[in-house]
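So the protein sequences, as listed, match chains A and B.
Here our numbering is used: the first residue of the first sequence is 530, the next is one more, and so on.
Here our numbering is used: the first residue of the second sequence is 16, the next is one more, and so on.
Treat the hints with care, since some could be wrong.
Example chain A residues on the side facing chain B (calculated, C-beta under 8 Å, incomplete) [what the hints assert, rightly or not]:
id	residue
1	Asn548
2	Glu578
3	Ser630
4	Asp651
Keeping only pairs whose Cα atoms sit at most 30 Å apart, straight-line, the calculated DSS-like set for lysine-lysine is [unchecked claim]:
id	chain 1	residue 1	chain 2	residue 2
5	B	Lys93	A	Lys697
6	B	Lys46	A	Lys744
7	B	Lys48	A	Lys744
8	B	Lys55	A	Lys697
9	B	Lys55	B	Lys93
Keep in mind the hints are simulated off the structure, nothing from the lab.
Glycine residues also receive a C-beta, built at the ideal position from the N, C-alpha and C atoms.
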Amino acid sequence: MGETEIVYMESLDPSTLENYLEKMCSFEIPCFFVSKGLEAPQALLDAAERQGRPVLGTQLGTQEFTRRFSSFLEAHFAPQQYLHGSLADVYGVGLLYIGPSGIGKSECVLDLVERGHRLVCDDMVRIIREPGETLVGVANEELGHHMEIRGLGIIDIFRLFGIRAVRKRKRIEVVVELINWEDGAEIDRTGLADRTTEILGVSLPLVQVPLVPGKNITVIGEVIATNHLLKLKGHHSAREFNRRLLEQMKQVDYIDEVSE
Amino acid sequence: MIPQLKTEVIILNKLGLHARPAALLVQATSKFKSDIYLKKNEMEVNAKSILGVMMLAAECGTTLAVSVAGEDAEQAVKIVVELFESKFGEDQEE
Numbered sequence: 530m531g532e533t534e535i536v537y538m539e540s541l542d543p544s545t546l547e548n549y550l551e552k553m554c555s556f557e558i559p560c561f562f563v564s565k566g567l568e569a570p571q572a573l574l575d576a577a578e579r580q581g582r583p584v585l586g587t588q589l590g591t592q593e594f595t596r597r598f599s600s601f602l603e604a605h606f607a608p609q610q611y612l613h614g615s616l617a618d619v620y621g622v623g624l625l626y627i628g629p630s631g632i633g634k635s636e637c638v639l640d641l642v643e644r645g646h647r648l649v650c651d652d653m654v655r656i657i658r659e660p661g662e663t664l665v666g667v668a669n670e671e672l673g674h675h676m677e678i679r680g681l682g683i684i685d686i687f688r689l690f691g692i693r694a695v696r697k698r699k700r701i702e703v704v705v706e707l708i709n710w711e712d713g714a715e716i717d718r719t720g721l722a723d724r725t726t727e728i729l730g731v732s733l734p735l736v737q738v739p740l741v742p743g744k745n746i747t748v749i750g751e752v753i754a755t756n757h758l759l760k761l762k763g764h765h766s767a768r769e770f771n772r773r774l775l776e777q778m779k780q781v782d783y784i785d786e787v788s789e
Numbered sequence: 016m017i018p019q020l021k022t023e024v025i026i027l028n029k030l031g032l033h034a035r036p037a038a039l040l041v042q043a044t045s046k047f048k049s050d051i052y053l054k055k056n057e058m059e060v061n062a063k064s065i066l067g068v069m070m071l072a073a074e075c076g077t078t079l080a081v082s083v084a085g086e087d088a089e090q091a092v093k094i095v096v097e098l099f100e101s102k103f104g105e106d107q108e109e
């Protein structure tokens with residue numbers, strides 16, 4: 530209820546106003562807001578009181594209030610889910626590591642932290658879907674930035690590595706799935722597949738990494754992040770490689786034709 | 016058809032699901048191939064993850080929904096239920 534509404538209410542004769550307000554308050558309205566610091570008309574307060582509808586006031590103008598309150602409601606009712614995985618910020622890219630228990634997601638992320646990247650949370654990532662098809666991973670308030678490392682137990686990343694090693698929230702941009710190498714038969718060998726996966730209805734690029742003893746998974750993680758940044762800039766390495774290969778093959782055909 | 020089982024457990028021990036029982040639970044669940052999840056209200060956690068289990072902050076008297084899916088689901092459910100019922104070996108009256 531802004532200035533326009535208040536003025537309108539004051540322009541009506543008391544019995545009509547009372548009638549209108551009764552009808553309005555009979556609807557399942559959670560509450561009324563009176564903006565601009567205006568005084569709520571007594572008739573409104575009475576009708577609201579009778580039907581048990583709270584009337585709240587704000588100093589903000591109607592437009593500003595509506596804008597801020599809509600944002601608040603959107604954030605509050607945003608779809609969310611918990612996911613078993615580890616979220617890290619690598620070169621500014623949000624990488625969500627998933628995979629079977631005990632495969633080494635936490636150890637991977639620990640190594641990334643050691644190399645200067647940042648942990649958002651380990652084990653249980655709270656994912657919120659924000660407007661604009663954006664998925665954000667949020668750290669857990671109570672548990673802070675702890676991590677479980679098999680053999681070590683629970684460690685506190687913030688205390689061990691400092692403020693530069695942690696983040697409260699990060700947009701999820703790439704999902705990195707760690708898989709046992711025996712299950713890795715279907716691995717994309719060229720990088721042209723551009724696989725995706727879906728979380729809360731949002732499509733995300735998916736990279737599947739088979740774990741083979743001796744392979745440096747940390748560097749692979751960093752390259753996934755930087756490759757993603759390249760793709761965002763418009764350079765798709767695998768496609769570019771294939772394009773050049775096709776060009777080269779075209780030239781060979783031409784030479785054969787000439788020599789005949 | 017992969018066996019999928021659901022059941023409920025109640026936390027009987029006084030101090031709830033703190034570090035020690037959580038560790039016992041995770042040690043037991045990690046031995047199984049099945050996926051095991053515990054749910055408290057809206058929050059569902061992987062029962063093989065100690066951080067996840069502790070994050071539930073499940074106090075004495077809380078009911079948790081257990082879902083298990085996998086080839087050894089039956090044994091997994093049995094062990095999980097046993098652990099909760101035995102109060103994780105705590106609160107023993109001398």
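A quick look at each hint next to the structure:
{"no.": "1", "hint": "Asn548", "in the structure": "violated (43 Å)"}
{"no.": "2", "hint": "Glu578", "in the structure": "violated (34 Å)"}
{"no.": "3", "hint": "Ser630", "in the structure": "holds (4 Å)"}
{"no.": "4", "hint": "Asp651", "in the structure": "holds (6 Å)"}
{"no.": "5", "hint": "Lys93(B) with Lys697(A)", "in the structure": "violated (38 Å)"}
{"no.": "6", "hint": "Lys46(B) with Lys744(A)", "in the structure": "holds (26 Å)"}
{"no.": "7", "hint": "Lys48(B) with Lys744(A)", "in the structure": "holds (25 Å)"}
{"no.": "8", "hint": "Lys55(B) with Lys697(A)", "in the structure": "holds (24 Å)"}
{"no.": "9", "hint": "Lys55(B) with Lys93(B)", "in the structure": "holds (19 Å)"}
In this structure, the hints that do not hold are numbers 1, 2 and 5, in rising order.
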